[in-house]
Structure formats: structure tokens, C-alpha cells
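Number of protein chains: 6
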Amino acid sequence: MVYVSRKEHFNAAHKLYNPAWSREKNEEVFGPCANANWHGHNFDLIVTVKGKADPDTGFVADLKKLSTLIRTEIIEHLDHKNLNTDVPFMAGKLASCENLVVEMWKILEPRIPQISKFGSLHSIKLYETPRNFVEYFGDDHL
Amino acid sequence: MVYVSRKEHFNAAHKLYNPAWSREKNEEVFGPCANANWHGHNFDLIVTVKGKADPDTGFVADLKKLSTLIRTEIIEHLDHKNLNTDVPFMAGKLASCENLVVEMWKILEPRIPQISKFGSLHSIKLYETPRNFVEYFGDDHL
Amino acid sequence: MVYVSRKEHFNAAHKLYNPAWSREKNEEVFGPCANANWHGHNFDLIVTVKGKADPDTGFVADLKKLSTLIRTEIIEHLDHKNLNTDVPFMAGKLASCENLVVEMWKILEPRIPQISKFGSLHSIKLYETPRNFVEYFGDDHL
Amino acid sequence: MVYVSRKEHFNAAHKLYNPAWSREKNEEVFGPCANANWHGHNFDLIVTVKGKADPDTGFVADLKKLSTLIRTEIIEHLDHKNLNTDVPFMAGKLASCENLVVEMWKILEPRIPQISKFGSLHSIKLYETPRNFVEYFGDDHL
Amino acid sequence: MVYVSRKEHFNAAHKLYNPAWSREKNEEVFGPCANANWHGHNFDLIVTVKGKADPDTGFVADLKKLSTLIRTEIIEHLDHKNLNTDVPFMAGKLASCENLVVEMWKILEPRIPQISKFGSLHSIKLYETPRNFVEYFGDDHL
Amino acid sequence: MVYVSRKEHFNAAHKLYNPAWSREKNEEVFGPCANANWHGHNFDLIVTVKGKADPDTGFVADLKKLSTLIRTEIIEHLDHKNLNTDVPFMAGKLASCENLVVEMWKILEPRIPQISKFGSLHSIKLYETPRNFVEYFGDDHL
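Residue numbers (my numbering), protein chains in the order written: chain A, 891 to 1032; chain B, 891 to 1032; chain C, 891 to 1032; chain D, 891 to 1032; chain E, 891 to 1032; chain F, 891 to 1032.
A couple of the hints might just be wrong.
Note that identical chains are pooled: a pair holds if it fits in a single copy or bridges any two copies.
In silico lysine-lysine, DSS-like type, Cα no more than 25 Å apart, as pairs [said to hold, decoys possible]:
hint: 1; residue 1: Lys942; residue 2: Lys1015
hint: 2; residue 1: Lys1007; residue 2: Lys915
hint: 3; residue 1: Lys942; residue 2: Lys983
hint: 4; residue 1: Lys915; residue 2: Lys897
hint: 5; residue 1: Lys915; residue 2: Lys955
hint: 6; residue 1: Lys955; residue 2: Lys1007
hint: 7; residue 1: Lys915; residue 2: Lys942
hint: 8; residue 1: Lys915; residue 2: Lys983
hint: 9; residue 1: Lys915; residue 2: Lys954
hint: 10; residue 1: Lys983; residue 2: Lys954
hint: 11; residue 1: Lys983; residue 2: Lys955
hint: 12; residue 1: Lys954; residue 2: Lys1015
hint: 13; residue 1: Lys942; residue 2: Lys955
hint: 14; residue 1: Lys897; residue 2: Lys955
hint: 15; residue 1: Lys983; residue 2: Lys996
hint: 16; residue 1: Lys983; residue 2: Lys1007
hint: 17; residue 1: Lys897; residue 2: Lys954
hint: 18; residue 1: Lys942; residue 2: Lys954
Source of the hints: derived by calculation from the structure; they are not laboratory data.
Isolated chain A, as found in the complex (with noise of 0.2 Å):
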């Protein structure tokens, strides 16, 4: 078993704002991060999958393929957008790191097998800053 890694990117704007609260309640709990007029990042992606190398590749996952997937089912709806507002599959969800590593998995796990013949995705971890990051590792992990 090997873990193969795949970093890639996307600039977004968003506010964490829970519409079931005041304004006031809002900035009580989220401070700065609830400003009305939205703030935004660069965040950094970084999908892990893991699983037994193809000995006709030496690859447990072709980076280009998964880079390739990461771009075409997450980047792209993402990079240069608003997480709360043009993200289809962040609708109704408060716009956190924490729901949006839950979000890509449900999107990228049942994909790997389209990329990878022996690999399953272990791991989707987000940067919003290079201070404040989260990691999912699927329901299943303990």
C-alpha cells in the first residue's frame, strides 16, 4: 500500500454566515470571517489516494489523470467563483472547510476507480491559509 498526492488550487470568495441567526449573532460568532460583502482566499487542495502500484506503471494513480479529475469535478466549480453563492454543490450548507472536505468526498471518492485500477481515495486535505487547514479521511476512518 502506497499514498500518491496530488496538490492543486482555486481563489475563492465566501462568508460564514448562518441565515438562521441575526446579523448580530453572525458576527458574534464568526467575527470578521461573516462580513457582508464577503472576503476570500487561495486555497490549496491536496487529494490522497492510496492502494498497490500497477506494476505496468509503477503507479498506484497517474498524477496527470487524478490532477485531471481534481480539475474537471472540484476546480472548476470552485476556482474564481463565490462558495456561497455559485457552488451548486455547497447549496444550503454554511461554507466551511470543514463541509466543504465532506462535500468533495462524496464527488471524488466513486471517481478513483475511473483513474486508478488499484487505488481508493484515502484523504482530501484544504489549506484556506497556510496556518489553517482541515483533513477528511471519509466516514469509515476511525
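The hints should help you fit chains B, C, D, E and F onto chain A, whose structure is shown.
For chains B, C, D, E and F alone, coordinates are given in the frame of chain A:
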């Protein structure tokens, strides 16, 4: 003459949009950067002061004071904001990095004497992403 | 279960020195790290909390609160200090990164519930340099 | 149990090429990575040892000794070399990162006791570029 | 006058080898960089254009167009190539970073007007490794 | 004229302390940087040599030789040392980065001809942290 630098950062939303143009023309020129609902970045900002070292401190400028000056005069007005709508000193200007560094220069250049006896502002460098960045040395620089 | 991380930093002096040994033995074992007059580092510290996201905020832990907790309980006691002489929680211990992360765990682990309803401490990672670093997951981790 | 890591680097040429296939098939599968005249990378290599800290030194492993071990056993055989033609332990194997970390594991795992009383090899992580990397934890790791 | 920069990268093999010298002399002068079977690097390339900002766009140069120009004229000819054997504009030249940036200047300098109304080429900076890099400002720069 | 640079690093302890002042005055001016028991940093040092490329090697300066010169003349005297007490060339000087780069210039500038036929010292850049750094171009630089 020694050059001393301090790096700060801020996270903001913006779009590139010339209000004198149609939406179509904006999208043609600025592409996804013109997205109506904004996008955003983690900006890195490096301010450089040049001068001779004060013999009492060994400093051209106390970098803690330079940091405080940059945060008070620049970062607090930009961090977790929308550069097009929330920033008085950018009102009526296209929210490009080129315009940002020129406006920052106008604010910081006259205030350097507050924090440095022997120094003057040398340059302002702004990273929009790790791969796109601009630098300004003032109008007198050849 | 999502893992959320916050990176902080501190600058400190230390030396590696076992007081039960002679100076010669210390220099033989620790080399230049045993320099009598100290040396120092810019340490980077990454604290990871795991748990499920709070449905009201989308957060496992508010990273601003996690940052404040790390700064108050750890960074203020280490930053611009001497790890051998100035830090009560390191008294009587060798100032190695291994010992530092174990002591940090004892301080932070019981305090995570103050800042996160659903999360618990997962790991503490300490970079002494970009090339030397240690990580600790608590004693219960296999 | 604490995990301690050391990062080293090497610069090498390679190509991805399965000699059982035609040139056309290699170019179809590996694209520009199959370029007949090679290409190359600055590789970063992170080796992690886990164990309990030696009470006499505060160390799981002396990272200077770990560095020397990695350089002697691995880096000297790879740095400024061609991974396909110059490296005995890669002879007859596809020069993929997956195969590299598995071969490195075979070399380093039995030698860790030479430099650490209480530690054992935990993982080998290899960055081919800052965006493409692999990690291996040994065959016994689930 | 504002300076705008774009960073690109490429991965290539090369060796340092003066064909007018014996193998022994080459190894004496260039050391492992003369390895007969090549070695390689992940090169980072930063191209800087200077000029005044276009009042219609706020841009000295559209960095997407600058990126496309660099990729078309430079990166496509170097990425996943051998700098000694595969690159027409390096034919008959030692494959040093110094020679590379001078040749890149000759290609890019006359093409900047294609992508920028007010800008001209200011510098080309090439990182062979994060620790070894060169910069060129053209022959007219004092 | 091409500019070639080499990056080295060292880890050292220091404090900012003017012995002509009281402890109170030092703490007022230098804050925690005046901590009696020292603090420390991982310093990064970039030395730039400018000149024309030697036609026999394609080099302005052999960066391995520049590295050796910097290590022998500078790094060995600073690494794992106390900048206030252990470094002859800093004796009697405040241990600020500004003073460090000026003293390094005096040492390196006359020695560049030993390693480069056509080059001369252009600049010395010293990072105390990734966010605080200084650069010196010699006294003749305007």
C-alpha cells in the same frame, strides 16, 4: 544604507471590473476575474524601508513598529473585506494589485518618519498569489 | 470525523545538555547543540483537533479560539524565551522537541473542550527547523 | 510514542518507460514523462522514525545521525544521478516514486536500530515536485 | 512605474559539460553536475515586466497573457526535456542557468509588446533549486 | 551582467541589548527581544554575486565554491552560536540583522575574487524570520 523588510498578510474578496464597460466586455478582458459574485485571495504584503542603522539600536526601523504601522494603516482596512466595496482608499479605482500598491504607497510613505529616524520607504511588494505579484518603488524611482 | 489544524510559531533559545553528564560527554553526544552559550530556532507549531462539525457553525473548532488557546497556554511561555531556563513546564527536563510536544499535550489536551463542543486533541507537530520536526498523538495512540 | 522526521533532498534525472512496451505505447501512457532524453526533478525526502524518547538524550533518534544514515545509504546513490541507469537498487524497476519509496524502505528499515535504541521506521515520503508526492509506511501498515 | 511578475515552472534534465574539455577536466570543474547520464531539477522561472498601469484595466500586463506567452515561448520548449540535447535555442551553449536566462531574454524581450501596451521586460529570474538561482536584467542594465 | 545567488542557513541565539542603557530602557525599546536569557532564530542568508559568465563554464561564480566560502567564512562562526558572545566579528556591536549584514559584507566582499574571475559581491540578504529580513548592497550602492 540597509534595506529592512516586514511581511504581513490579509485575506480579501475582489473582482476586476471596469464599470465603464458592459458585462460582456468585462468578461472578455478579465475572464473569471470578473465573476459577478467575487472571488478572493490570501494576499502577502512586503514593505521595505531603507536608511542607515540607528547606532543606539542597530535598527534602520524597529520592525515591530513597522508591523504595527502597516496593520493599523493598511491591513485593518483590507483584511476580511471586499476590495471593491469596503475600502475607502480604493473607491472609484479598479481593484488591481497595481492600483493597490500605489495607494498603499501614498498612505505609508509620509508615515515612515513616525517609526524610523533615518529611514524612508523603499518599496511595496504585493503577492496576490504565490505566482502573481507586483512591486512599486514610488514615482521618483527610475 | 474531520481534522482541523492551526499553525503558530515562536522564537526561542535552547541547548541540549544533560546535567548528569560532563561537558565533554555532552559535547560528544549533542555536538554543537550543546554550545554553552545557547543557540536558537524559529519553531513552527501545528495543533490538530479532530471531531465532527458543529451543525450551527460548520466548525469542528473555531480556529481563532484554538489560536488564542495555543497562544495563551503555550506561545506566551516560550516565545522570545530560553527553553532551558525560562519555562516552568520544562523545568528539570531536557529541552528536546520530543519532550516539548509531550508537555504541550498535557497542557492542551484537557483544555480543548473549552473551545470545541465536539472535538478532542489529535496531534501536536513541532518544527525545530524546516528539516527537523516531531509529532505526538498522545499516549493512547497506537 | 513520538514521531521524529528528517528532510533531505536530491536532484536526479529519470524517465518513465516500460521496456516491455513500444515507444508509442510508452508515450501514450506516460506522456512527456517518457521523453527519450530524460527530464529531472529536485526531490525532497522525509524519513520518519517512531518510538519513545531516550531519557538520557530526550531523543527518539538523533536527527544528525538519521541525516547521516539517509545521506550515506540513499542520497549518495541518487543525487546528481540518473534513476533509470545509475542506481543499483532500482535496476530492472520502473523509476516511479512508488517504486523508489518501497526500495528505500528495504534499505533503511533494518538500519534504524544502528542510530536509535527505541525507534523504528514509520514512513518515507518523497516529493517529486511540490505538487506530486508519495508516502509509504511498510507492508505491515494497514 | 510598477513591476509585475509571473512565476512558472518546468522540470528538465541537464548536465554541465564543456565539450572542448576531457571528461576528467569536466569532472574536476563541474563535479557531480557533469554526470554522464544527466541529472535534473524542478526549475522555477519568474518573469518581471515594468511599466505604467493601463487606466482601462489597472494592469501593467495581463498576467494570464504573460503566463501564456512564457508557456508558449519558453516552457513548452524546456519542460520534460533535456536542456543539452532537446532545446534548439540552447544548441551549442553550456546548459548553465546564466546562459539560460540570457537566451530566454532574447526570446521574451521583443514579444512583451504583444501582451502589454505600456510595459517592457525588466528581469528574468531562474531558480535551479530553492538555494541556487540567477537573475538577468538585460545588457543595458548597469 | 548576470546575478547569481546562493542561500545558506544557520541557527543562533541572540538578544537585542544596548549595554549603555539600563535594563528598563532596553526592555522598553527592544521588548521581548531583550530577554536576559536570550532567544533565537533559524536565519536564512542569501549572497548574490554579479558579473559576466565565464565562457568556459557558463558560470558567473561556481555556486559550490560560493557555498563553501560562505560556510567557511560566515556560517561556521555563527551556526549554533550566541551572536552576542561567541562571534569575534560582532564583538562590541549590537546583534541586529542590520549590523550582521554589514559585517558579513566586510568579510565576503574582498574574498569573492578567490572564487569568481569576473564577479563581484552584489548583495547580502538575511532573513531573521520569514517575515523580518534585511538586505545590504555595500556602501557604494546608491
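Evaluation of the provided hints:
no., hint, result
1, Lys942 <-> Lys1015, "both (21 Å within a copy, 16 Å between copies)"
2, Lys1007 <-> Lys915, "between (49 Å within a copy, 18 Å between copies)"
3, Lys942 <-> Lys983, "between (36 Å within a copy, 15 Å between copies)"
4, Lys915 <-> Lys897, "neither (36 Å within a copy, 27 Å between copies)"
5, Lys915 <-> Lys955, "between (44 Å within a copy, 17 Å between copies)"
6, Lys955 <-> Lys1007, "within (12 Å within a copy, 38 Å between copies)"
7, Lys915 <-> Lys942, "between (49 Å within a copy, 22 Å between copies)"
8, Lys915 <-> Lys983, "within (18 Å within a copy, 33 Å between copies)"
9, Lys915 <-> Lys954, "between (45 Å within a copy, 17 Å between copies)"
10, Lys983 <-> Lys954, "between (31 Å within a copy, 21 Å between copies)"
11, Lys983 <-> Lys955, "between (29 Å within a copy, 22 Å between copies)"
12, Lys954 <-> Lys1015, "both (18 Å within a copy, 19 Å between copies)"
13, Lys942 <-> Lys955, "within (17 Å within a copy, 31 Å between copies)"
14, Lys897 <-> Lys955, "both (13 Å within a copy, 24 Å between copies)"
15, Lys983 <-> Lys996, "within (14 Å within a copy, 36 Å between copies)"
16, Lys983 <-> Lys1007, "between (33 Å within a copy, 20 Å between copies)"
17, Lys897 <-> Lys954, "both (11 Å within a copy, 21 Å between copies)"
18, Lys942 <-> Lys954, "within (18 Å within a copy, 32 Å between copies)"
Hint 4 alone, counting from the list given before, is not met by this structure.
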